[in-house]
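Since chain A is already given, all that's left is putting chain B on it; use the hints.
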Amino acid sequence: MVMKQVFGRPETLCDGATHYCGGCGHGVAHRLVAEALDHFGLHDKAVGVAPAGCSVMLYDYFDVDTIESAHGRALAVATGMKRANPSLFVFTYQGDGDLASIGMCETIHTANRGEKITVVFINNAVYGMTGGQMAPTTLPGQKTTTTPLGRSTATEGAPIKMAELMAGFDGVAYSERVAVYDARHVLRARKAIYRAFESQIHQAGMGFVEVLSPCVTNLKMSPEKAQAWVAEEMCAAFPLGLFKDTLSQYEKENAPAVEGSDAHAS
Amino acid sequence: MSPSNHGAAARPGTRKLVQGNIALAEGAVRAGLNCYFGYPITPQNQIPEYLSWRLPETGGVFLQAESELASINMVLGAAATGARVMTSSSGPGISLMQEGISFLAGSQIPCLIVDVMRCGPGLGGIKPTQADYYQATRGGGHGDYRTIVLAPFSAQEMFDFPMRAFDLAEHYRNPVLILSDAILGQLKEPAVLEPAGIPRPLPNTWALTGAHNRPARNLRSMYLSGDDQEIHNNVLWEKYNRIEQELPEAEQIETDDADILIVAFGSAARIALSAIRLAREEGLRVGLFRPVTLYPYPGKALRELTSRVNRVLVVEMNMGQMLDDVRLAVTDEVRIHFYGRPGGGVPTPHDILAKIKEC
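Protein chains in written order, with our numbering: chain A, 1 to 266; chain B, 1001 to 1359.
Treat the hints as calculated values from the structure; they're not laboratory data.
Some hints could be false.
Selected chain B positions facing chain A (Cβ under 8 Å, derived; list incomplete) [said to hold, decoys possible]:
(1) E1057
(2) L1063
(3) S1067
(4) A1070
(5) V1075
(6) L1076
(7) T1081
(8) L1096
(9) S1107
(10) L1208
(11) G1210
(12) A1216
(13) R1220
(14) D1227
Glycine included, C-beta positions come from ideal geometry on N, C-alpha and C.
Looking at chain A on its own, in the form it has when it is part of the complex:
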């Protein structure tokens, strides 16, 4: 009987255990990014920019060149890399505190310049690594270690909807919000990440994917309950969907002449 392998570890995802908590969404998101790196054959020219936050140690998990960035500055670092060497494939992987709070200025200006960079944004509604403080994406009423009575929109504002915000910039070719709480949504997330990769590969503009992801430890929930919380509470506050896709139009107009489009073949 001929055995065919139908599922395995992506080549650009390193073997071994991660430091992530059981039930955390980072593991799935890492896998999806690695699948995209494999699919487009980017091992030899990818550079990953790690943020400050739980995913700072992504350089231990991806078998591609990686760099650490200061809190919030990943997109400035990525801009420098891409401008200095446009043949590199540059992606950032950032959390909500990094991208939407301390790094908001870099985020919107990088988007506005239309840097050919792929951004994977993990929104888990809380500061994970520092122990569960309020994030810019914390839900109204959500209790955190710095909003013990629950986030008040009157005094702390409402959660920032990044995928919609990014869609407003001409320089962004693709912006979608996805979630990783069940298999169907994981598959959709994979497709969105592929499209964000293609935004850069085709030189169409910034590709942005917001991934709603459970933080079991700081939600103080079991993995099952945390996934349900993402599905019910987070998705209510952050509607899933595609908010910007000038990439498709760009592909129609430019596809035959685009350099590097043969990457699809790999």
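Leaving out everything else, chain B in the frame of chain A:
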């Protein structure tokens, strides 16, 4: 008065009247600059304005960033690919960059940072100062680290130092800072805008260029496992020790017969030279010790010189910052006088002459 080698007169080639900031920008281009990232601030704006058209001519990248925070982190990203990269700013902007400079030092990524000093603290003003000496020479940001600091004092050195800076930055894998000021940036004087050599970037064994036919690389400053952070810091420390052995440089002018020594760098050293000329006309034997590297400080040479000349006048356009390094360098037998002008005050040669007479 023998001319100092800062003058264009000593150099072969065509002399041109040039502004200090422009000399520096062109010097960087001739040094093989690949990318510039910066944000406007007086008194250094001529550097980005010039590079905005000049750098693309050479195939380089010019990008005006949204802030100095972004500038320095763009520098980090671009330099991490092995490119020759610089930024320039002045006090308030350099302060914003300190976190990034700490990351550059911790990750051992070479680059050039130019501080055209304006007076502070706070927003301060746009007049010249030397008040960023501590910030430049003591690290400036968080953590144990040093940046190599070069102090030009002429348009010629503004042109020449970027080449040295890039060579040193790559040799030691460390950020290099050129500490200039509003006088040096804005003055116009003759300089030879022809480099003494050609750019020689080192073969790169660490840059992030894609893991093609080699294992994946990583640049970082954080080491969480066991004693790894201490081990990493000891690697940096060993490098700083080598820098302190190999790099200190100072210029000595009219020191052979001197009874009194002025210690000054940058603009203050130029004014001191005029004061020394006045003093010599009155029969006072005064010499100049001008540190060219501020980190590493040329303390050993100063200590040797002051074993002969034990009256020292330190002149700075601040409240006395390099003064600390002079005190650390010399023995207790040396009498140290200080003349400082903070807040944009610029001493005249006659002001300094009066202080010489008090020594």
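Hint check, E1057/B versus chain A [nearest Cβ-Cβ separation less than 8 Å]: Violated. Min distance 17 Å.
Restraint outcome when L1208/B is required to lie within 8 Å of chain A by C-beta distance: Holds - the Cβ of L1208/B comes within 8 Å of chain A, reaching about 4 Å at its closest.
Close enough to count: is the Cβ of A1216/B nearer than 8 Å to one in chain A? holds (5 Å)
Chain A contact restraint on D1227/B - CB to CB distance below 8 Å: Interface hint status for D1227/B: violated (18 Å vs cutoff 8 Å).
Taking the least C-beta to C-beta distance, is S1107/B closer than 8 Å to chain A? S1107/B check passes; min Cβ-Cβ to chain A is 7 Å, inside 8 Å.
If you take the shortest Cβ to Cβ gap from A1070/B to chain A, is it below 8 Å? holds (4 Å)
Would the hint on L1096/B be counted as holding, given a Cβ-Cβ threshold of 8 Å to chain A? violated (12 Å)
Less than 8 Å between beta-carbons is the criterion; does S1067/B satisfy it with respect to chain A? For S1067/B, the interface hint holds, since the closest Cβ of chain A sits about 6 Å away, which is under 8 Å.
Interface hint status, L1063/B versus chain A (Cβ within 8 Å): holds (6 Å)
So, as I understand it, the hint says L1076/B touches chain A; can you test that by seeing if any CB pair is closer than 8 Å? Status holds, d = 6 Å.
Taking 8 Å as the limit, does the beta-carbon of R1220/B come near enough to a beta-carbon in chain A? holds (4 Å)
Hint validity - G1210/B Cβ closer than 8 Å to any chain A Cβ: holds (4 Å)
Going through the hint list in order, the structure does not satisfy hints 1, 8 and 14.
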